[in-house]
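Number of protein chains: 2
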Amino acid sequence: MRGPGRRRGPGRRPGAPDTRGEILGAARAEFAAKGFDATSVRAIAARAGVDPALVHHYFGTKEKVFVAAMELTIDPAELAETVAAGPVDELAERFVRMFLSVWGNPVTRAPFLALLRSAIGHETAALLLRQFITSIVLARVRPLLDGPDVDLRLELMASHLVGTALLRYVIKAEPLASASEDELVALVAPTLQRYVTPGG
Amino acid sequence: MRGPGRRRGPGRRPGAPDTRGEILGAARAEFAAKGFDATSVRAIAARAGVDPALVHHYFGTKEKVFVAAMELTIDPAELAETVAAGPVDELAERFVRMFLSVWGNPVTRAPFLALLRSAIGHETAALLLRQFITSIVLARVRPLLDGPDVDLRLELMASHLVGTALLRYVIKAEPLASASEDELVALVAPTLQRYVTPGG
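Heads up: the protein sequence lines correspond to chains E and Z, in order.
Using my numbering, the letters of the first sequence map in sequence onto residues 1 to 200.
Using my numbering, the letters of the second sequence map in sequence onto residues 1 to 200.
None of these hints come from the bench; they were simulated from the model.
Misleading hints may appear alongside valid ones.
To be verified - Computed list of lysine-lysine pairs in DSSO-like fashion (alpha-carbon distance at most 27 Å, straight line):
id, chain 1, residue 1, chain 2, residue 2
1, E, Lys64, E, Lys34
2, Z, Lys64, Z, Lys34
3, E, Lys64, Z, Lys172
4, Z, Lys34, E, Lys62
5, Z, Lys34, Z, Lys62
6, Z, Lys34, E, Lys34
7, Z, Lys64, E, Lys62
8, Z, Lys62, E, Lys62
9, Z, Lys62, E, Lys64
10, E, Lys34, Z, Lys64
Nothing here was measured: the structure is a model prediction, and the numbers come from that model.
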C-alpha cells in the first residue's frame, strides 16, 4: 500500500494530507472515464494510491463514494428506498413528490443539473447519468412492478419527471414554473401511476 | 435604407454580398439577446442594416427567420399544425409520433439538442427555448383543449416528450433507446392523452 497523501498540493500542511479529497478526485476521474457500473472501489483506491479499505472507511459503499464525488448533497439511493416503501398504488405520488422536493431546492438541484448538462454532448457523462438513473434509482423501485415492459415503463416515468424538472426549473415555462407542488402532484401522479400499475 | 452587404467579410466576392447570411447572423444575435417574443423583424433588419421588407422577402414571417437562424431544418410551426389537424382523441398519438420522428433523425435532432443544451445554464437561451415551446409549438395545439389548466396540461405533455427524447436519444437508457416507435406510441400516447382529454 502506498501511503495516503503521496501527491501533495501546494499549501497542504505536512501531516494532514487530504486523503478524503484525493479519493474523491480519483473517484470523479474513474466514474467519468468508465461510468458507474464499471468503476470499482479497488480502481478508485489504486488511482488515489490508497488501500481499498480506506475508501470503505471514509465512505462506505461505491454508491456513497459516487454521492460524495458528485457532491449530490442527498443520497438518491436512500430517496429511492423511501419511494419504494409504502403502498404500490401510491408509488407514483411518492416519486413525484420526492422528485419535486429535490429539484425545488437549488442546493440539491445544482449537482443533478450539472450531471444532466454534461450528459448532453458528452458520451461518458451520458453513460454515467444513464447508469445513475437505472442502477441507483430505478433498480430500487423495479421489484415492485409487475407485468410487461417493466424497465421501459420505469424509464418513461423517469422521462416525464426529468422533462418536468427541465421545463419547470430550468426553462421556466409558465404556468408550470409557478404551479404549486400539490397542483402538479394532482395532475402528474395519476398519469405516472399508469406506468406503475397499467391495469389499475 | 442602408445597402445590403455593408459589412463585408474576408473572401466575399464584390457584387455578391451575403445579405441572407447577414440577416441570419443579426437574427441569432437578436433572438439570443431578447428571446423570441420580444424580437421584431424590424430590429433584425436594423441590426443587419437592411430594410425590413428584405427580411420578409428572404424568409417570410418572424417564425421562418427563427427556423432558418436556428438551422432547424424543419419548421416546428408546420409540424404543430399537422399535430393539431385530425381527431382530438388521437392528438397525443400524433404528437408522440411527430416528436419521435424529429428526434429520431440526427439531422433534425441536432439543432434542438443545441437549443436544449444552451438552455441549461444560460438564462437567455432558456428564455428562447421557453418561448419557442409555448409560442410556436403549444400555441397551435392549445385551441383544441378544453377544461381547466390547459396550459399546464400542455406543458406537462411537452415535459414528458422532452424527457423521453433526452433519455432515449441522449442518455440512451435501455430498453428505452432500443424500443420501437410503435412500442413507445402504445405506452406513451394513452398516457399523454390524459392531459389532452382528462375526462376521456
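Hint by hint, here is what the structure shows:
no.: 1; hint: Lys64(E) with Lys34(E); in the structure: 17 Å, holds
no.: 2; hint: Lys64(Z) with Lys34(Z); in the structure: 17 Å, holds
no.: 3; hint: Lys64(E) with Lys172(Z); in the structure: 24 Å, holds
no.: 4; hint: Lys34(Z) with Lys62(E); in the structure: 45 Å, violated
no.: 5; hint: Lys34(Z) with Lys62(Z); in the structure: 14 Å, holds
no.: 6; hint: Lys34(Z) with Lys34(E); in the structure: 40 Å, violated
no.: 7; hint: Lys64(Z) with Lys62(E); in the structure: 51 Å, violated
no.: 8; hint: Lys62(Z) with Lys62(E); in the structure: 52 Å, violated
no.: 9; hint: Lys62(Z) with Lys64(E); in the structure: 51 Å, violated
no.: 10; hint: Lys34(E) with Lys64(Z); in the structure: 43 Å, violated
When the structure is compared with the earlier hints, violations turn up for hints 4, 6, 7, 8, 9 and 10 and for no others.
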